[in-house]
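Peer 1: Chains as they are written, first to last, in this note's numbering: chain A, 1 to 123; chain B, 1 to 108.
These are computed hints drawn from the structure, not numbers from a lab. Hints may contain errors.
Restricting the straight-line Cα-Cα distance to at most 25 Å, the calculated cross-link-like pairs of lysine to any residue (SDA-like) are [unchecked claim]:
hint	chain 1	residue 1	chain 2	residue 2
1	A	83	A	14
2	B	46	A	8
3	B	46	A	55
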Amino acid sequence: QVQLQESGPGLVKPSQTLSLTCTVSGGSISSGSYYWGWIRQPAGKGLEWIGRIYTSGSTNYNPSLKSRVTISVDTSKNQFSLKLSSVTAADTAVYYCARENCSGGGCNPFDSWGQGTLVTVSS
Amino acid sequence: QSVLTQPPSASGTPGQRVTISCSGSSSNIGSNYVYWYQQLPATAPKLLIYRNNQRPSGVPDRFSGSKSGTSASLAISGLRSEDEADYYCAAWDDSLWVFGGGTKLTVL
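Work out the full structure: start from the sequences and follow the hints.
Peer 2: Here it is as C-alpha cells:
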C-alpha cells in the first residue's frame, strides 16, 4: 500500500518561493504508470489542482499557476517536489500530494493522498 | 468560482437516500469520466467513485455514481452518521483536472 507524506516550511514570506516535498513509501516512484501531483485547499474552500509529473519526468500544470510552478522528481530519494514562486496571501492553503493511477488504460486521479500540510504566507 | 457546479449543502436523515449533483460542460464532464471524493473533517480527500460509476475496493455499495451528458450525480443510500462529510466531483478538462466547489452533507 503506497503512502505519501508532505514536508516543508509551514510559513513563507510574501514574494518568496514555497517549497514542498512529497516522500513516497511502499513502492517505487519510478515504477508503474503513475502521475505524481499536487492539489491545494484554502481554509474552508474547495480543491484546486496545481500540477503533476509523470514517471518519465514530463509535467502538466494548471494554466492559472503555470508561470509560478515547478514540479520535479528525485527518483533516488523516492520523492517529488513542488516550488511555487512569488507567493502571496492567496497561496495560503493546505497542500496535498497525490497519486494519479494511469495503469489499465486511462488515468484515475488521486487514488492515494498525503495527509496534507498547511502553508501560511505571511510576513 | 469552480469549473464544476455542486450545491453547497445537502442533508438527510439516517437510512434515507440522498443525491449530490455535479454540473459541467462539454469540455469536462461531457467528454471525460467523472470522479467523486469524500473528505471527512480535518482529513485528506478519499476516492469514492472513479470512471463515473466504479467503486474502489472497500467503498460500500451504498455509494453509487452516474453520468448523463454534462452532468453527474453521486447517490448515497441507507445514509449513516459517518457519511457526514464534504463531497467533491472532479473531471479532466482539456489540460487540467477541475473540481466542483464541494457539497457539505449533513446527517440530521
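Peer 1: Please write out, lowest number first, the hints stated earlier that are contradicted by the structure.
Peer 2: none
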